[in-house]
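For the protein sequence lines, the chains are A and B, in the order given.
Note that the first sequence ends on residue 521 in this note's numbering; no numbers are left out.
Note that the second sequence ends on residue 370 in this note's numbering; no numbers are left out.
Because the hints were derived from the structure by calculation, they are not lab data.
Computed from a predicted model, the values in this text were never measured in an experiment.
Errors might be hidden in some of the hints.
Straight line, CA to CA, 30 angstroms or less: simulated DSBU-like cross-link-like pairs of lysine-lysine [stated by the list, open to error]:
| # | chain 1 | residue 1 | chain 2 | residue 2 |
| --- | --- | --- | --- | --- |
| 1 | A | K372 | B | K223 |
| 2 | A | K372 | B | K83 |
| 3 | A | K84 | A | K122 |
| 4 | A | K84 | B | K223 |
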Amino acid sequence: MSANQDGANLLEVRGLTKVFGTLTACDHVDLNIARGEIHALLGENGAGKSTLVKMLFGSLEPNSGEIFWNGQAVRITSPGVAKKLGIGMVFQHFSLFEALTAAENIALSLDDGSPIGTIAAKARALSYSYGLPLDPESLVGDLSVGERQRIEIIRCLLQTPQLVILDEPTSVLTPQEADKLFETLERLRAEGKSILYISHRLEEVKRICDRATVLRHGKVVGHCNPRKETAASLARMMVGNEVQAVVRAPAEGIETAPSLLEIRALTRKPATPFSIPLRNINLNVRAGEVIGIAGVAGNGQGEFFESVSGEVLQHDAASVRIRGKDAGGLTITGRRLMGAAFVPEERLGHGAAPRMKLSENLLLSRHATDGKVFVGAGGMVKGGAIYSAAQRIINAMDVRKSAPDPEAAALSGGNLQKFIVGRELDRRPDVMVVNQPTWGVDAGAAAHIRQALIELARSGSAVLVISQDLDELFEISDAIAVMHNGELSKPLPIAEATFERIGLLMGGAEPGHAEHTLETA
Amino acid sequence: MMRLELVKRPQRSMLFSALSPFIAFVLTMIAGAIMFALLGVNPLNAFQIYFIEPISQVWQLHELAIKAAPLILIAVGLSVCYKANIWNIGAEGQFILGGIVGSIIPVLFPQFEGPLVLPLMLLLGMVGGAAYAAIPALLKTRFNTNEILTSLMLVYVAQLFLDWLVRGPWRDPKGFNFPQTIQFNESAILPELMPESGRANWGFVFALVAAVLIWILMSRMLKGFEVRVLGSSPRAGRFAGFGLNRMVFFAFLLSGALAGLAGISEVSGAIGQLQPVISPGYGFTAIIVAFLGRLNPLGIVAAGLVLALTYLGGEAVQSALGISDKVARVFQGMLLFFVLGCDTLIHYRIRLIGLAAPKLETAPKLEEAR
Numbered sequence: 001m002s003a004n005q006d007g008a009n010l011l012e013v014r015g016l017t018k019v020f021g022t023l024t025a026c027d028h029v030d031l032n033i034a035r036g037e038i039h040a041l042l043g044e045n046g047a048g049k050s051t052l053v054k055m056l057f058g059s060l061e062p063n064s065g066e067i068f069w070n071g072q073a074v075r076i077t078s079p080g081v082a083k084k085l086g087i088g089m090v091f092q093h094f095s096l097f098e099a100l101t102a103a104e105n106i107a108l109s110l111d112d113g114s115p116i117g118t119i120a121a122k123a124r125a126l127s128y129s130y131g132l133p134l135d136p137e138s139l140v141g142d143l144s145v146g147e148r149q150r151i152e153i154i155r156c157l158l159q160t161p162q163l164v165i166l167d168e169p170t171s172v173l174t175p176q177e178a179d180k181l182f183e184t185l186e187r188l189r190a191e192g193k194s195i196l197y198i199s200h201r202l203e204e205v206k207r208i209c210d211r212a213t214v215l216r217h218g219k220v221v222g223h224c225n226p227r228k229e230t231a232a233s234l235a236r237m238m239v240g241n242e243v244q245a246v247v248r249a250p251a252e253g254i255e256t257a258p259s260l261l262e263i264r265a266l267t268r269k270p271a272t273p274f275s276i277p278l279r280n281i282n283l284n285v286r287a288g289e290v291i292g293i294a295g296v297a298g299n300g301q302g303e304f305f306e307s308v309s310g311e312v313l314q315h316d317a318a319s320v321r322i323r324g325k326d327a328g329g330l331t332i333t334g335r336r337l338m339g340a341a342f343v344p345e346e347r348l349g350h351g352a353a354p355r356m357k358l359s360e361n362l363l364l365s366r367h368a369t370d371g372k373v374f375v376g377a378g379g380m381v382k383g384g385a386i387y388s389a390a391q392r393i394i395n396a397m398d399v400r401k402s403a404p405d406p407e408a409a410a411l412s413g414g415n416l417q418k419f420i421v422g423r424e425l426d427r428r429p430d431v432m433v434v435n436q437p438t439w440g441v442d443a444g445a446a447a448h449i450r451q452a453l454i455e456l457a458r459s460g461s462a463v464l465v466i467s468q469d470l471d472e473l474f475e476i477s478d479a480i481a482v483m484h485n486g487e488l489s490k491p492l493p494i495a496e497a498t499f500e501r502i503g504l505l506m507g508g509a510e511p512g513h514a515e516h517t518l519e520t521a
Numbered sequence: 001m002m003r004l005e006l007v008k009r010p011q012r013s014m015l016f017s018a019l020s021p022f023i024a025f026v027l028t029m030i031a032g033a034i035m036f037a038l039l040g041v042n043p044l045n046a047f048q049i050y051f052i053e054p055i056s057q058v059w060q061l062h063e064l065a066i067k068a069a070p071l072i073l074i075a076v077g078l079s080v081c082y083k084a085n086i087w088n089i090g091a092e093g094q095f096i097l098g099g100i101v102g103s104i105i106p107v108l109f110p111q112f113e114g115p116l117v118l119p120l121m122l123l124l125g126m127v128g129g130a131a132y133a134a135i136p137a138l139l140k141t142r143f144n145t146n147e148i149l150t151s152l153m154l155v156y157v158a159q160l161f162l163d164w165l166v167r168g169p170w171r172d173p174k175g176f177n178f179p180q181t182i183q184f185n186e187s188a189i190l191p192e193l194m195p196e197s198g199r200a201n202w203g204f205v206f207a208l209v210a211a212v213l214i215w216i217l218m219s220r221m222l223k224g225f226e227v228r229v230l231g232s233s234p235r236a237g238r239f240a241g242f243g244l245n246r247m248v249f250f251a252f253l254l255s256g257a258l259a260g261l262a263g264i265s266e267v268s269g270a271i272g273q274l275q276p277v278i279s280p281g282y283g284f285t286a287i288i289v290a291f292l293g294r295l296n297p298l299g300i301v302a303a304g305l306v307l308a309l310t311y312l313g314g315e316a317v318q319s320a321l322g323i324s325d326k327v328a329r330v331f332q333g334m335l336l337f338f339v340l341g342c343d344t345l346i347h348y349r350i351r352l353i354g355l356a357a358p359k360l361e362t363a364p365k366l367e368e369a370r
């Protein structure tokens, strides 16, 4: 152990183990966090990061192992205990009431009866001193995701923690917003506070973290100084072997290729007070190309996907056209029958029914398009046919599972995503629309999915990928458009696109894309 | 400070899921024994009278089938609703409307006889039940009303409508002012299966056929898949292109039609005329049957027989021991209570959160110690 200077460590974890049924999510994990350091917790999805952090924050109870806080053995039985000790946490998924103001949300979590005005004043002062300006009187529903994260951070800092845990904080930020956050983190470190920083973005970790602990399959596989490592060596520690790089052959002759998916002046009113309206979106996806849509989460991507997939119908049938025919008035089944395929963002509960077998989940999106193969006379499902088709997809996509035909919920996120993407690829669709193709998917599976999408495009299909992961979009797209506040920018050809330019568009630097409208109209 | 918390189990035990109805049954027996003891009756003796004697002779098995038939018919329909996460609580009303609409021919056209009468009556019964079930479906899809409330309230409307009919316009003019319709003619009576051994009629056959058909629908057909997807994950169902509103109508019309069939079968089989009350709460008891049978049509057949026995047993203890036949309701209630309780404990475990206050105190002390 490198850090044996007792007392120097704010937090020490010895042999922490958590077992869920047959799965050992954390297996004798050791972790030391010194005072005044930014400590990275690295690992693929499913490596046990979240489980470990939940035990540190008292949301889960460990099966065995010890936690030392300032050298004293402690039992963290609830988040309340963690807060009393001085551990604060900023979650990946925010827990804020949209209909309340920022100050009211903070007051709810403090729960100490201090008047709202005092809390608002404190929050305002704190937010400015840390360079995270925040108006405590504003309604959460009106705030951007980045601003909501500030509320979470301020709420956490108001409790004057000595250790702040941040779970994938930059996944919802533009590159410029992320830079701001890093400044704040560095200031906290200078004050002697410790930060446990969970991420799978290696460049970030190299940039701001002092030490890193790498988890793989619930076990600690190494401690290192990320500044002395390369992104590739860190990735190797996380994954355990080399990840195959995605190969993107240049798309040839796409200028003359026909548009298989056309979006024309797509407009949609907000469905709820807190959802984003779509404003005059225009886009062409031609045969053979991959178009990426970047953007900070919650800028209308979900609404856009629903409109394109046909889960929500359009008033103007010509606003969505598939293979040259109007599809705006057709349901998702009708659009599938025209040759389109869709992969939604949420896997469990949207792209797949959690408690159903994989073979049944195959039927979910293909009962109509492959009706003759899977459904027999009188509406009887052909169990043998869907089973063998499911096995074909499982083999093609290298889906790892514990039973021949398990329930969707029994698969890891990455493996389920491989199955859901494979389910659509298996149809050889002419148009493929994917929302967050590799969200929460481990590096190996992500590379597999990305490669498959590129190959689908190169074989003559139109592929539209909506993603928050800029690295991913740069890896697979032929052009990148940016969605901001329900508007879509003109696609930038990949040769002209830089992180900087896309980042500015994501922050809304170029609102009103009138030029684009004129051009495609 | 102590408090109870339900913590979701990571895995459901398949063994206990299967055993749950049986555990619930045993628990009901234990609680029932305590109840009988408190009533001053020897529990063993009471059980003998309640559960064994009512099915010790062949004619009594026929009575069991008569009671079980409507329960099974209604419950298999409800199982489709509940699998689709649609809560039809008004099967009792659909049962009554099925009975009323099915009786139009024998009451208003008693001179119409022949082999066509009965099939037409059964068909009308199904139409009546389905039409009555369409009301909460329409209200739900149009105005987003809560179907639990609307379907339940319509039960009372149906009960009072039947009461009005048999006391008013449909009363038998030669019936000495008794509130009932004329006796149905011979061709409007549902035939008995084996008249030489007991009264059981074709209603029981309908129930078994319905159970098998619904089982095939739910486990083998695309429509059943649609029901299960929309019930368990509506968003995935929408992604699949299945319409939730269409499903609301499908589930209500199907369960309404089966309840209506049960209603007309009861009226034309067991009763032979309309009376102010034609159901001892079959529509509500069928909810228990549906859950005791794990929403599986074949399980529902078994559960229907068990619940039918509670009716017979209630009558038996009333005549033999002088205990109110409300005891049947108590047994039914306990059975549902224990089934739901067992199911909850299969999905969740109870955690005692005790003495949280001292633990909170230790934390600051540690800080002070430094």
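If you check each hint against the structure, which ones fail?
4
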